[in-house]
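K.L.:
So the chains spell out like this:
Protein chains: 2
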Amino acid sequence: MRIGVDIGGTKVAAGLVDATGAITQKVRVSMVSAGTAAAGFGAVSSAIEAIFAAAPEARAAVTGIGLCSPGPLDPKRGVVINPPNLPCWRGFPLAAEVERAFGVPARVDNDANAAGLAEVLWGSGQGNASVFYATLGTGIGAGIIFDRKIYHGRTGSAAEGGHVTVDYRGPRCGCGKFGCIEALASGPAIARLAQGKLAGGASSRIVELAGTLDAVRAEHVGQAFGEGDAVAKEVLDEIALLLTVWFGNIVDLLEPDCIVVGGGVAAMMSPYFEHISATLPKWSINQRAAEIPLVMARYGADAGIAGAAALCE
Amino acid sequence: MRIGVDIGGTKVAAGLVDATGAITQKVRVSMVSAGTAAAGFGAVSSAIEAIFAAAPEARAAVTGIGLCSPGPLDPKRGVVINPPNLPCWRGFPLAAEVERAFGVPARVDNDANAAGLAEVLWGSGQGNASVFYATLGTGIGAGIIFDRKIYHGRTGSAAEGGHVTVDYRGPRCGCGKFGCIEALASGPAIARLAQGKLAGGASSRIVELAGTLDAVRAEHVGQAFGEGDAVAKEVLDEIALLLTVWFGNIVDLLEPDCIVVGGGVAAMMSPYFEHISATLPKWSINQRAAEIPLVMARYGADAGIAGAAALCE
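So the sequence lines, in the order shown, correspond to chains R and H. Residue 678 is where the first sequence starts when you use the numbering used here, and the numbers rise one by one after that. Residue 678 is where the second sequence starts when you use the numbering used here, and the numbers rise one by one after that.
The shape of chain R in the complex, shown without the other chains (with noise of 0.2 Å):
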């Protein structure tokens, strides 16, 4: 039994998971984000105290502490360096004073590389030993699991595939480079996508679902697919092709077991695995390419609770 911590910008979520990968408890309370560094770990703190208040077995029972904490940070060492959206921490070694606090070994690691390891160890990608995971929503995060293990890069700073460019002449992304496909394929990418399209005042379910053309989200492109709208078809068709190129290069690069997909825009796009699948030949150099399994997720909402506890295995 062990505890996983999701710690985000404005919440920390916490959970006791057991050995299957189950959520048996969850809580959730307000990060401290902006104030001293021991505030910040109050709020934490008060998240596992919270799962022990609502599990009194755990205390004893419990084997370990992961938590999940945006980047950068040394997965290593288990220090947050300076996270944007976590000023309270500067150089803060989270994994220790979790340890010290609780008498239990902590582990830390950014939520895309640990979900991918939860997927991995109780989900979609159990019994293969190598596997591209994929977070894809507001932005596009990954993990990349060999032979089991995050694969973490010479500073911990591997497995951004949400920032592999495909088209270097593309839109301009968040983090400067352009072309990611984070810029491409994530979902305000697919809502601007969708304006551009209707912009010329062309009639659309996507529309009348999000009220006006400014209140487009990823969400009514979805849902106005789903009842058959044509923009909405055009817009996840080119979509597809952009995920098909980058999982391309993936394979192309990486050739792994199994790709495991998480996260709105994936579940979103789940119609179009088959498809997906089919075409990659085309965009790999990889002859069994098609082999390749591409998977929804186990974990949706819950993926950073159960990452941050399988980093305990």
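Treat the hints with caution; some may be incorrect.
Chain copies aren't distinguished; within one or between two, either way the pair holds.
No farther apart than 30 Å at their CA atoms in a straight line, the calculated lysine-lysine pairs in the DSS-like style are these [stated by the list, open to error]:
1) K826 / K910
2) K753 / K826
3) K826 / K874
4) K688 / K703
5) K959 / K753
6) K910 / K753
7) K703 / K959
Just so you know, these hints were derived from the structure itself, not from any lab.
Position chain H relative to chain R; hints supplied.
P.N.:
Coordinates of chain H only, in the frame set by chain R:
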């Protein structure tokens, strides 16, 4: 002491390689690629025998024979599957045949994987655990070394780094994909880029060196660049940008300890290495991308021999 054998569609090169990676003997014979499997193997055997003839002490001292073969191949079983330019071999158990004929362990891999390993063991990547190796020439090949071992992926087809798409709306690559770095920055792509710029009839040292516009090759662009030609600089500036975009993708996915590049185009581009490293942070989300060394390979034309020998370490 080990023997490295580099098998191509038209020739077989073999060498005797010592514990420091130095090649102390070298032979070259014609490959018989279109006959029977036995005839093809005969060419390989004769190259190995020629090494023993030149260095009789090697027959007792050699502890392994490594072989690079065109792919696809199965490096785990040492089987050559069905290379287009080696029609003699279909499912040919090359490693087993070499072991039977010469009585020492044999290993088979593709040339770029093997050359990457040689750079880590004996060359410019020494001291690093995780290295991205690329050979830039008529094509662009790559090898990924993690923990001082070749990373193969699911079936041995990982590390096709030359076929990472950075411009999915770009020109078609020989592999069928669009906008692969090989289609944009290999030797032939450099020649095409120069020809395009010179098609209007502008005067340039490039055409003087080549004789005619049609005869322009990458080497002429490189030589003209060295002589200060403005069009050649324009071309290589663009190639440097493309390589930076590509390395940015590699760093964001793999964050290697070091990037080692070999081949004619790499040599031609070496005056740009410092610039590429300095601008890498623009094309990587990694705040420390510029720290990753970008270095020329130790091995040039002998990379296949050294790489094959490295497989026996």
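K.L.:
Each hint: holds or not?
P.N.:
Verification of the hints:
| no. | hint | result |
| --- | --- | --- |
| 1 | K826 / K910 | neither (38 Å within a copy, 45 Å between copies) |
| 2 | K753 / K826 | both (13 Å within a copy, 21 Å between copies) |
| 3 | K826 / K874 | neither (43 Å within a copy, 49 Å between copies) |
| 4 | K688 / K703 | within (13 Å within a copy, 65 Å between copies) |
| 5 | K959 / K753 | between (39 Å within a copy, 26 Å between copies) |
| 6 | K910 / K753 | neither (44 Å within a copy, 44 Å between copies) |
| 7 | K703 / K959 | neither (44 Å within a copy, 40 Å between copies) |
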